[in-house]
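> Sequence:
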Amino acid sequence: MSHKINILLVSFFLILQFIGCANNEDIKKVDLNKVEEMKGLPNESLRIRIGLVPEEDIRKMAQRYQPLVEYLSKKMNQKVILVFLDSYGEVCDKFIYKQLDAAFFGSFSYSLTHVKAGVEPIGRPDYNGVSTYRGLIVVRSDSNINSVSDMKGKKLALVHQATYAGYLYPLYYFKEHGIDSLQDYFSKVIFAGSHDKAIYALLRGEVDVAAPKDLVYQRIIKENPELEKKLIILSASGLVPSNTLCVRKDLGLALKDKLKETLLNLNNDQEAIPALEALSAARFIETKDSDYKNLYDTINALGIDLNTYPYYDRPDIGFGIEDYAKEHK
Numbered sequence: 052m053s054h055k056i057n058i059l060l061v062s063f064f065l066i067l068q069f070i071g072c073a074n075n076e077d078i079k080k081v082d083l084n085k086v087e088e089m090k091g092l093p094n095e096s097l098r099i100r101i102g103l104v105p106e107e108d109i110r111k112m113a114q115r116y117q118p119l120v121e122y123l124s125k126k127m128n129q130k131v132i133l134v135f136l137d138s139y140g141e142v143c144d145k146f147i148y149k150q151l152d153a154a155f156f157g158s159f160s161y162s163l164t165h166v167k168a169g170v171e172p173i174g175r176p177d178y179n180g181v182s183t184y185r186g187l188i189v190v191r192s193d194s195n196i197n198s199v200s201d202m203k204g205k206k207l208a209l210v211h212q213a214t215y216a217g218y219l220y221p222l223y224y225f226k227e228h229g230i231d232s233l234q235d236y237f238s239k240v241i242f243a244g245s246h247d248k249a250i251y252a253l254l255r256g257e258v259d260v261a262a263p264k265d266l267v268y269q270r271i272i273k274e275n276p277e278l279e280k281k282l283i284i285l286s287a288s289g290l291v292p293s294n295t296l297c298v299r300k301d302l303g304l305a306l307k308d309k310l311k312e313t314l315l316n317l318n319n320d321q322e323a324i325p326a327l328e329a330l331s332a333a334r335f336i337e338t339k340d341s342d343y344k345n346l347y348d349t350i351n352a353l354g355i356d357l358n359t360y361p362y363y364d365r366p367d368i369g370f371g372i373e374d375y376a377k378e379h380k
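The sequence shown begins at 52 in this note's numbering and counts up by one.
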């Protein structure tokens, strides 16, 4: 019996040796000291996560920003990905817990995250000479609403508590007209979640007044020219920087400088034309915290403390500045 086992073992090792010899020519030895870096391909281990707040429909935002991240991935030889956020309030937490490396911020959400997480602005789109936006107060042309007094008892659509155009400016506007409590003045106040949703809620008759960003309003009118005659702009805010790309403070100086340099030189590279065209932008311009003076003036006028401001999503729709004052005496 043992003799048969020995024969089988010898046969087994002979087969292994034969297979090894047969495939010897196909085996390539790799010298780990001579591994060359693959050129022109994004480095998957150095991933840059760029967040997008829900300014408008997510599909439209993907179409607008995807060419830019593809360009950045190629030029920086690093994988750049888009992270679509569910709300304006979420972006601050993502930076606090280091789940994002950069994001395109609206002005108010930037100021909140700048204070709470230390994000730094680097650049924003220049739309053929326009790199700022305004908050609007809009009504339907058939509503017979011509002033704030006509709005009493009506329905108001805001966007989110962490937006300038969709919340902060309306608070300031109505306060200037002697109204401190939106809940008391309007029969209903809703947070639409995005600027385009606020406009469409107004067009559908779900609300009587809306407070969107002018850049989103203009894009909707450009895509649907027939809607312009159906809407009236009653008021507009001062200018604040358009959505700016900001980075977390500990991103690393070399990477931060590389991203900034690439962004600010898009208009000097023919390969970047599709990315700029998708954004309807001519170039990106440098942005600093000092560019937000109008925003900070509004914040101060409302008595808001950015350190304690409730940027997160709240269940009590219609949260007004009077509630904030009570909570943060």
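Watch out, some of these pointers could steer you wrong.
Here are the simulated BS3-like cross-link-like pairs (lysine-lysine), alpha carbons at most 30 Å apart as the crow flies [what the hints assert, rightly or not]:
#1 344 <-> 130
#2 205 <-> 167
#3 311 <-> 145
#4 281 <-> 309
#5 281 <-> 226
#6 145 <-> 344
#7 145 <-> 125
#8 206 <-> 273
#9 111 <-> 126
#10 273 <-> 167
#11 149 <-> 273
#12 145 <-> 126
#13 125 <-> 280
#14 111 <-> 130
#15 167 <-> 300
#16 280 <-> 205
#17 300 <-> 311
#18 205 <-> 311
#19 226 <-> 111
#20 280 <-> 145
#21 344 <-> 311
#22 205 <-> 273
#23 344 <-> 309
#24 167 <-> 280
#25 126 <-> 300
#26 130 <-> 280
Quick caveat, the hints were computed from the structure, so don't treat them as lab data.
> Quickly compare the C-alpha distance for residue 126 and residue 300 to 30 Å and report which way the hint goes.
Answer holds: residue 126 to residue 300 is near 22 Å, not above 30 Å.
> Assess, step by step, whether the Cα of residue 344 is no farther than 30 Å from the Cα of residue 130, and give holds or violated.
Distance of about 34 Å is beyond 30 Å: violated.
> If you draw a straight line from the CA of residue 311 to the CA of residue 145, is it 30 Å or shorter?
Roughly 21 Å between the alpha carbons, so the hint for residue 311 and residue 145 holds.
> Hey, residue 344 versus residue 309, does the alpha-carbon distance stay inside 30 Å?
Holds, at about 27 Å.
> Quick one, are residue 273 and residue 167 close enough, alpha carbons at most 30 Å?
violated (37 Å)
> Within a Cα-Cα threshold of 30 Å, do residue 125 and residue 280 meet the stated pairing?
violated (44 Å)
> Does the structure keep residue 167 and residue 280 at a Cα separation of 30 Å or less?
Judged against 30 Å, a Cα distance of about 42 Å means the pair is violated.
> For the pair we were handed, residue 344 and residue 311, check the Cα-Cα distance against 30 Å.
holds (22 Å)
> Hint check: residue 205 vs residue 273, CA-CA at most 30 Å. Holds or violated?
The given pair, whose Cα atoms are some 28 Å apart, holds under the 30 Å limit.
> Take the C-alpha atoms of residue 226 and residue 111, compute the straight-line distance between them, and say whether it is at most 30 Å.
violated (34 Å)
> Assess, step by step, whether the Cα of residue 111 is no farther than 30 Å from the Cα of residue 126, and give holds or violated.
Given that 30 Å is the threshold and the Cα spacing comes to 24 Å, the pair holds.
> Need the status of pair residue 145, residue 126: alpha-carbon distance at most 30 Å?
The hint holds at about 26 Å.
Going down the numbered hints, you'll see the structure goes against 1, 2, 4, 10, 11, 13, 18, 19, 20, 24 and 26, while the others check out.
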